[in-house]
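Student: Given chain A, work out where chain B should sit, using these hints.
Heads up: the protein sequence lines correspond to chains A and B, in order.
Using this note's numbering, the letters of the first sequence map in sequence onto residues 557 to 769.
Using this note's numbering, the letters of the second sequence map in sequence onto residues 557 to 769.
Calculated directly from the structure, the hints in this document are not laboratory data.
One thing to keep in mind: the hints can contain errors.
If several chains are the same, the list does not tell them apart, and a pair holds so long as it fits within one copy or across any two.
In the DMTMM-like style, the derived pairs of lysine to aspartate or glutamate whose C-alpha atoms are separated by at most 20 Å in a straight line are [what the hints assert, rightly or not]:
1) 646 <-> 757
2) 596 <-> 584
3) 588 <-> 704
4) 569 <-> 768
5) 587 <-> 642
6) 732 <-> 768
7) 643 <-> 741
8) 596 <-> 743
9) 732 <-> 686
10) 573 <-> 751
11) 573 <-> 757
12) 569 <-> 634
13) 664 <-> 597
14) 569 <-> 757
15) 664 <-> 688
16) 588 <-> 612
If you want the building blocks of each chain, they are given just below.
Protein chains: 2
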Amino acid sequence: MNTGNSKEKQISKAVIKRLPRYRRYLGELHKKGIEKISSKDLSQLIGYTASQIRQDLNNFGGFGQQGYGYSVKYLYDEIGAILGLDKQYKIVIVGYGRLGQAMANYIKKNEGNFHISGIFDVKQIIRDVEFENAQVLTCANLSTFIRDENIDIAVITVPAEKAQLVAETAVDAGVKAIWNFTTVDLELPEDVVVENVHLSDSLHALAYYMQDM
Amino acid sequence: MNTGNSKEKQISKAVIKRLPRYRRYLGELHKKGIEKISSKDLSQLIGYTASQIRQDLNNFGGFGQQGYGYSVKYLYDEIGAILGLDKQYKIVIVGYGRLGQAMANYIKKNEGNFHISGIFDVKQIIRDVEFENAQVLTCANLSTFIRDENIDIAVITVPAEKAQLVAETAVDAGVKAIWNFTTVDLELPEDVVVENVHLSDSLHALAYYMQDM
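Chain A with its partners taken away, still in its complex shape (with noise of 0.2 Å):
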């Protein structure tokens, strides 16, 4: 997974948060036939300034061409690649309630790039139907099953008093990143990604947004 890229480490995750976005943006133009896009263009869609844009893509060398735009296919593949998304991970779902059903599905569906190669439970769970090509073990099993199959991944949705534990055990086992969706902040080695999608904290910013309504 290590490629070097030196140049892009000093990027700030401020930019980083963004890329999905423009990504995401992108692959909607190009699945509508849209061939290439001013920043300007760019910039109504998104809801970022052209300059803002600018500024973000030339942090990667660019890519934009004075009075042409951008090519969207070319930027949507070049951003990919900056994210590591012409690689190919294989996931771990720790937590088969229904948020770790959830997330199974939502990768399943939307996330080509992301393999998903075990689910694990306290329980002994039913063979989910959708993802037959997964295996279906207890906790018990993490361990050995990380380190057999190299998996790069581990999706946790155990409830939060289980959460510390089951990363540690995934980290241990040779886990590369953790995405965290239990209210836990978790306390692992820097060497460790983690991504937290902590509900709460959406759902109370929201909340606050609403007084002023």
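Tutor: Same frame as chain A, now just chain B:
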């Protein structure tokens, strides 16, 4: 819902995004029986600088006392009030596939201020024993239900191609806010609060950071 927080209107989005996180940590401290905390200790716990924390909380008039630190319970409650979590909200879930079920379950278990009044799906669905107080209806009834029940928030977990229509229907019927789990960026009147949970943006940022590992 209009509480006239004119003082708060100038607070930046970045600060608002951090408040739920403060509250989450303070809630954990309170559960552990901890009554007060210095901004330095809070800083080590949350991972923001002590200066950032003081600056953020000063937006709302401070709360800390020199040489004493912050009262955990008081600060927890105050941030809750700022976020509007001293009020109750009525919610509908629109789209009751795996994701809709997961979100209904999440809200019921974790978010006491948000009450699920109705659950909607395109097809007639079986009443969910977990949500015996919520009405379960097909989407054809969405508009009337929102109006009659004075629903505040619509949680949208329908397929992408239906997201815009469902959101417009909910807004026309009177909801003030949309919690959007689809991949679509909704186009809605400016006075509607929209919080997007773009799962792909989070997963793709994770993929990006894995490249340097």
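Student: What are the numbers of the hints that this structure violates, sorted from low to high?
Tutor: 3, 7, 9, 13, 16
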